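K.L.:
Take a look at the letters that make up each chain.
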Amino acid sequence: MSLTRPARCLICSFSRGASAATRVPRRQFHPSPAQLANRKPKFPNVKAKDSMTLDELSQNMQPHHFQPYTEEQKAGLKEEYTPEQLAAIEAGEAAIDPKDMAEQFGIREDPFRLNYLDDLSTIEPNVDHHIRAPKSNSDYSATFKSDEDFLDDFARFFAELPEDGGASDWVRFVDNARVTLGKEESERNPHSVLVPDLFAPGETLSDDNKKIVTPFMLQKQSAANAENEEMTDALKRLLQSTGYSSAFVKTLSTKALVSHFVVNQTRLGKVRRMYCLSIAGNGDGLLGIGEAKSEESADAVLQSRYRAIRNMQPIPRYENRTIFGDVEGKVGATELKLMTRPPGFGLRCQHLIFEMCRAAGIQDLAARVGRSRNPMNTVKAAYEALMGQRNPEDIARARGKKLVDVRKVYYSGRELPKKSLTIRAPAAEVPATGEKQLTA
Amino acid sequence: MSLVNLAHVCSHLNNASRARLGLTSIPNSNLHLRLCLALQNSGYISSVVRGGPTPPPQHNILGVPAANDEIEGVQSLTQSNVASRRLWLGLKYWQSEPVLGKLSMVSKPKRRINIDVTGLRRVIRGEKSGYVEGLRSPGESLYLSTDRGILEARECVEKQVGGLVLCRIH
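As you go down the protein sequences, you meet chains A and H in turn.
End of the first sequence = 440 in full-length UniProt numbering, gap-free, step of one.
End of the second sequence = 170 in full-length UniProt numbering, gap-free, step of one.
Just so you know, the hints here were simulated from the structure itself, not pulled from any lab data.
A couple of the hints might just be wrong.
Said to hold, decoys possible - Computed far set for chain A versus chain H, every beta-carbon distance over 10 Å:
id, residue
1, Pro41
2, Pro44
3, Glu79
4, Arg272
5, Glu355
6, Met387
7, Arg390
8, Lys408
Stated by the list, open to error - Take a look, some chain A residues computed to stay more than 12 Å from chain H by CB distance:
id, residue
9, Phe144
10, Thr251
11, Ala333
12, Glu393
13, Ala396
Claimed, not checked - Derived CB-CB ranges, DEER-like:
id, chain 1, residue 1, chain 2, residue 2, range
14, H, Leu31, A, Arg310, 49 to 55 Å
15, H, Leu31, A, Lys47, 43 to 49 Å
16, H, Arg148, A, Gly400, 22 to 28 Å
17, A, Asp118, H, Ile71, 44 to 50 Å
18, H, Lys128, A, Gly400, 28 to 34 Å
19, A, Lys250, H, Lys159, 54 to 60 Å
20, H, Arg148, A, Phe248, 53 to 59 Å
21, H, Lys128, A, Ser372, 21 to 27 Å
22, H, Ile71, A, Pro111, 30 to 36 Å
23, H, Ile71, A, Arg310, 54 to 60 Å
24, H, Ser76, A, Phe43, 55 to 61 Å
25, A, Phe248, H, Pro55, 55 to 61 Å
Computed from a predicted structure; not experimentally measured.
The C-beta atom is built at its ideal place from N, Cα and C for all residues, glycine as well.
Using the sequences and the accompanying hints, generate a full structural model.
P.N.:
Written out as structure tokens, the structure reads:
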């Protein structure tokens with residue numbers, strides 16, 4: 001649930017990247033010790049008795065703490081600074097009274113002081129806004145260098161190469177060579193850190209967009225050709241109206257679940273037509289149902305399949321395997337109840353709901369169909385129930401409360417790797433979604 | 001503690017939220033007041049104000065009557081006006097759906113259901129205990145009348161108290 005996560009600055013590249021590991025120590029619900037990201041302490045352990053508080057620091061400053069430089073220190077400074085700079089430093093030292101220094105030593109007493117010691121001389125990426133290059137660095141008319149430009153660069157490099165030049169010069173040249181024409185800052189220090197890289201991973205300047213043709217691809221191509229031949233008007237219309245590619249539509253699993261004849265009694269006699277109800281899903285959260293009638297049964301099946309594909313909608317899934325809580329659906333006299341279940345439970349329900357869950361990518365579910373078990377109404381009611389799930393985030397927003405998924409408390413809030421662990425679900429699964437007062 | 005009146009309150013709140021009312025009133029009683037305060041605490045309703053037969057004046061900013069309104073104030077409860085008092089509840093809606101879903105009684109006037117902490121532990125884990133069905137959907141709550149006032153089922157487990165199961169919201 002995103003509500004439990006603090007918002008991070010998307011633009012700021014220096015903020016820590018979002019990772020699954022928790023940073024804030026949480027209340028533990030298990031006896032094993034918490035594993036912190038890095039066990040080695042970053043800072044040496046400072047005993048309380050060795051440390052000084054801000055008050056002590058400010059109180060204890062005396063004029064005698066600010067002594068003039070000793071001869072040794074001066075000798076050290078001489079190595080770093082020119083005699084002029086040294087003279088300026090000494091003049092500056094002499095201009096300030098040690099008493100003033102002791103009084104004005106920079107620990108503030110006012111109510112707006114910081115509650116930690118910092119001279120604000122460095123930029124802390126976690127605390128401070130990071131410094132971004134000015135917008136004026138951008139150059140929108142920058143272009144890539146042509147081959148001739150690169151040749152010129154090489155020529156200049158070789159012309160300016162000193163006689164004893166070696167590999168290090170070459171490395172420096174390659175590192176500093178520019179690939180665009182235009183403002184230098186625009187390439188080296190761009191305004192936005194979100195500027196995409198010039199090259200895709202693995203791509204180089206010398207890449208000629210060579211494509212390796214494998215036998216597998218050839219096979220696929222011939223399959224695609226075969227597809228083109230059977231591209232009907234109905235399929236074309238489906239692709240146009242949905243925007244799906246024909247390859248995607250091929251991957252969808254569709255199934256005709258209900259089909260029977262319906263009869264219209266006219267004064268000319270009975271007109272028999274085929275009724276068909278199909279489902280379509282991508283096995284990963286999309287599910288749709290479609291129904292069609294036609295004189296020809298094959299036509300009815302095809303039409304209903306295409307309508308199911310058109311009607312595909314995302315279905316909320318908990319952990320991509322089951323549903324959020326128990327939901328009920330009712331169409332006509334068919335009343336059914338879908339129940340959430342722990343991992344590894346499987347689909348223990350009748351065949352129509354099983355097929356729907358398989359198409360939608362739900363793996364753990366139980367269902368009871370009460371009163372009428374009419375197949376058509378069962379499918380419709382199951383679809384209604386699946387779509388009627390309540391999203392915990394919506395509940396949290398509506399009630400102004402923070403909802404916590406207790407299951408995520410284990411494994412330090414990380415999602416389980418898919419199918420790598422087979423554990424029994426803790427009894428407190430979705431239903432026991434705990435509630436806590438929103439404190440943040 | 002009249003469960004008959006409480007059942008009337010439950011069905012009235014169901015009707016009011018289906019009709020998408022913003023403000024509704026229920027008869028005043030200590031039980032109703034405590035339950036409404038518990039509901040407000042869980043975020044199901046926006047305000048609980050004790051007023052007369054007509055709605056109390058709206059809060060200047062909130063647009064619904066508020067118990068802590070500094071300008072309008074709240075009439076005090078006296079022996080002469082206690083019979084005409086009603087509780088005015090502000091109902092909440094989110095994405096044009098009522099936040100207060102379906103309220104249903106668990107105890108009935110003729111069959112009161114008490115539950116202990118052990119049973120309550122099972123209930124909040126989603127299992128059935130006695131006559132009480134488990135809380136199996138996200139955002140479902142169960143309210144109990146206990147020695148420490150009217151509490152939500154999870155609060156009861158936290159405080160280790162059982163009590164009379166009043167109603168369930170889902």
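K.L.:
Would you mind marking each hint as holding or not holding in the structure?
P.N.:
These are the hints, each one checked on the structure:
no., hint, result
1, Pro41, "holds (35 Å)"
2, Pro44, "holds (41 Å)"
3, Glu79, "holds (67 Å)"
4, Arg272, "holds (43 Å)"
5, Glu355, "holds (25 Å)"
6, Met387, "holds (14 Å)"
7, Arg390, "violated (6 Å)"
8, Lys408, "holds (13 Å)"
9, Phe144, "holds (49 Å)"
10, Thr251, "holds (32 Å)"
11, Ala333, "holds (21 Å)"
12, Glu393, "violated (10 Å)"
13, Ala396, "violated (8 Å)"
14, H:Leu31 to A:Arg310: 49 to 55 Å, "holds (53 Å)"
15, H:Leu31 to A:Lys47: 43 to 49 Å, "violated (58 Å)"
16, H:Arg148 to A:Gly400: 22 to 28 Å, "holds (24 Å)"
17, A:Asp118 to H:Ile71: 44 to 50 Å, "holds (46 Å)"
18, H:Lys128 to A:Gly400: 28 to 34 Å, "holds (30 Å)"
19, A:Lys250 to H:Lys159: 54 to 60 Å, "holds (58 Å)"
20, H:Arg148 to A:Phe248: 53 to 59 Å, "holds (58 Å)"
21, H:Lys128 to A:Ser372: 21 to 27 Å, "holds (26 Å)"
22, H:Ile71 to A:Pro111: 30 to 36 Å, "holds (33 Å)"
23, H:Ile71 to A:Arg310: 54 to 60 Å, "holds (56 Å)"
24, H:Ser76 to A:Phe43: 55 to 61 Å, "holds (60 Å)"
25, A:Phe248 to H:Pro55: 55 to 61 Å, "holds (56 Å)"
The structure fails hints 7, 12, 13, 15 (numbered hints given earlier, in ascending order).
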